[in-house]
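In this note's numbering, the protein residues as written are 324 to 665.
Be careful, since some hints might not be right.
Stated by the list, open to error - Result set (DSBU-like, lysine-lysine): computed pairs, CA atoms no more than 30 Å apart in a straight line: (1) Lys460 <-> Lys349; (2) Lys376 <-> Lys506; (3) Lys610 <-> Lys636; (4) Lys357 <-> Lys453; (5) Lys326 <-> Lys453.
What the hints assert, rightly or not - Cβ pair distances, simulated, as ranges: (6) Asn507 <-> Ile555: 50 to 58 Å; (7) Leu645 <-> Gln384: 39 to 47 Å; (8) Ser421 <-> Thr522: 22 to 30 Å; (9) Glu465 <-> Lys575: 44 to 52 Å.
What the hints contain is simulated information worked out from the structure, not anything from laboratory work.
We put the beta carbon where it would ideally sit given N, CA and C, even for glycine.
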Amino acid sequence: MIKIAVIGTGYVGLVCGAGFSDYGHKVVCTDIDKIKIKRLQDGEIPIYEPGLKELVHRNVQSSRLLFSSEVNKSIQKADVIFITVGTPEGDNGSADLSAVFEVARAIGINLNGYKVVCTKSTVPIGTGAKITEIIRKTSNEENKFDYVSNPEFLREGSAVKDFLWPDRVIIGASSARAFDTMKNVYRPLYINETPVIETTIETAELIKYASNAFLSVKISYINEIANICDEIGADVHVVSKAMGIDGRISPKFLHPGPGFGGSCFPKDAKALISMAEEMGANLKVVKSAVEANQLQKERMVKKLFNLFDGNVKNKTIAILGLAFKAQTDDVRESPAIDIIDA
Numbered sequence: 324m325i326k327i328a329v330i331g332t333g334y335v336g337l338v339c340g341a342g343f344s345d346y347g348h349k350v351v352c353t354d355i356d357k358i359k360i361k362r363l364q365d366g367e368i369p370i371y372e373p374g375l376k377e378l379v380h381r382n383v384q385s386s387r388l389l390f391s392s393e394v395n396k397s398i399q400k401a402d403v404i405f406i407t408v409g410t411p412e413g414d415n416g417s418a419d420l421s422a423v424f425e426v427a428r429a430i431g432i433n434l435n436g437y438k439v440v441c442t443k444s445t446v447p448i449g450t451g452a453k454i455t456e457i458i459r460k461t462s463n464e465e466n467k468f469d470y471v472s473n474p475e476f477l478r479e480g481s482a483v484k485d486f487l488w489p490d491r492v493i494i495g496a497s498s499a500r501a502f503d504t505m506k507n508v509y510r511p512l513y514i515n516e517t518p519v520i521e522t523t524i525e526t527a528e529l530i531k532y533a534s535n536a537f538l539s540v541k542i543s544y545i546n547e548i549a550n551i552c553d554e555i556g557a558d559v560h561v562v563s564k565a566m567g568i569d570g571r572i573s574p575k576f577l578h579p580g581p582g583f584g585g586s587c588f589p590k591d592a593k594a595l596i597s598m599a600e601e602m603g604a605n606l607k608v609v610k611s612a613v614e615a616n617q618l619q620k621e622r623m624v625k626k627l628f629n630l631f632d633g634n635v636k637n638k639t640i641a642i643l644g645l646a647f648k649a650q651t652d653d654v655r656e657s658p659a660i661d662i663i664d665a
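Make the full structure from the sequences, and use the hints.
Below, the structure written as C-alpha cells:
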C-alpha cells in the first residue's frame with residue numbers, strides 16, 4: 324500500500340483519488356478550499372459522474388480515502404504526490420500554470436524525505452522542468468525527489484470506467500526509482516494487462532496534447548461530412564458507422580453534432596497551437612479543426628434561423644441539454660450555451 328496525496332479536488336483529482344484508493348492505496352485528497360473539503364467529508368459529491376459517488380463512498384467506508392484541507396501535512400505524509408489542479412486557458416490560448424506552480428512551491432517547502440511528485444494536470448511541454456526547478460529552490464537539498472509526468476485520459480461521463488480500466492498508462496520519468504514507484508502505484512492494472520508506456524517527461528507531456536488534438540480533428544471532420552450529407556440528402560450516421568467499422572479509423576469520436584466543448588478539447592487544442600507557434604511550427608490541421616468547430620456552432624444557429632425564415636422574434640425555443648455532452652453536468656465550452664447566446 325502506497326501513501327498518496329492528491330492535490331486538487333476538482334474533476335480530475337476526485338476521480339483519480341477515488342480510483343487510486345480503489346487500487347488499495349491510502350489516499351488523501353487535499354485542497355485549500357475548505358468549504359469543498361467539508362462537503363466531501365459530509366459525503367456530498369460536487370460533480371456528476373456515473374459511478375463516482377459509489378466509488379468514493381466505498382473507499383471512505385474502508386478508510387482508504389480521506390479528505391483534508393491541510394495541504395502541508397498531506398504532502399509531508401505522502402510517498403507519492405499527484406498534482407491535479409486546474410490549468411485554464413490563459414493569454415493567447417496558452418495554459419495558465421499559476422496554480423500548478425503554487426502547488427510546486429508548497430511541495431518544496433514541505434518536502435521531508437524522498438517522494439515522487441507526479442503531474443496529472445494537462446501541462447505544456449517543459450512544465451516538468453519548471454516544477455522540478457521550483458521544488459529544488461524551495462526545498463532542503465538533503466531531501467530528494469523524482470518528478471513524473473503521468474497524464475490522465477478521462478472522458479467525462481465515463482471517467483470512473485476510464486480510470487479503473489484504462490486503455491493505457493503513460494509514465495514519463497528520468498530515473499529507475501521513479502518508474503518502479505509508479506509501476507507499483509498502477510500494479511493492480513497488470514491483472515487487466517493494461518499497456519504501460521515508459522518514456523521521457525517531455526514525451527509524456529506531448530502525448531496528452533497530441534491525443535486530445537487528434538480527437539478534436541476527428542470530431543470536426545465528421546461534422547464537416549455531416550454538413551455535406553445535409554446538402555445531398557445522405558445519412559451521416561450510416562456514413563460514420565461504415566467508416567468506424569474500418570479498424571484504422573474506429574467508431575469512437577465519430578459522432579456528428581453541434582461541435583465539441585468541455586474543459587479539455589477546446590483548451591488543449593489552442594494550447595498546442597500556441598506551443599507550436601512559440602517553437603516556430605504551424606499546426607494547420609489542428610487550427611482548421613478549431614476553426615471548423617466554431618463554424619459548426621454558427622451553422623447550428625443558422626439552421627435554427629432558417630427554420631423560421633430568419634425571424635425568431637417571439638418564438639419559444641427549447642434547448643434540450645445544456646452540458647457539452649451526455650452523462651455529465653459540465654457546461655464549460657458547451658455548444659448549447661453558444662446557441663443560446665446567439
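Notebook entry, point to check: Given the hinted pair lysine 610 and lysine 636, is their alpha-carbon gap at most 30 Å?
Noted result: Not OK: lysine 610 and lysine 636 at ~35 Å, beyond 30 Å, violated.
**Q.** Hint consistency between lysine 357 and lysine 453 [alpha-carbon to alpha-carbon, up to 30 Å]
**A.** holds (28 Å)
#### Entry: 30 Å limit on alpha-carbon distance, applied to hinted pair lysine 460 and lysine 349
Holds, because 29 Å separates the two Cα atoms, which is no more than 30 Å.
task: Mind checking the alpha carbons of lysine 376 and lysine 506 for me, to see if they're no more than 30 Å apart?
output: holds (27 Å)
Leucine 645 and glutamine 384, beta-carbon distance inside 39 to 47 Å? Hint violated: Cβ distance 33 Å, outside 39 to 47 Å.
Quiz prompt | Pair hint outcome, lysine 326 versus lysine 453 [Cα-Cα no greater than 30 Å] | solution = holds (25 Å)
| query | If you check the beta carbons of glutamate 465 and lysine 575, does the distance land in 44 to 52 Å? | reply | holds (48 Å)
Exercise for review: For serine 421 and threonine 522, compare the CB-CB distance with the range 22 to 30 Å and indicate the outcome.
Suggested key: Since serine 421 and threonine 522 have Cβ atoms about 27 Å apart, the given range 22 to 30 Å holds.
#### Entry: Consistency of beta-carbon spacing, isoleucine 555 to asparagine 507, with hint 50 to 58 Å
holds (56 Å)
Checked against the numbered hints given earlier, the structure breaks hints 3, 7 and satisfies all the rest.
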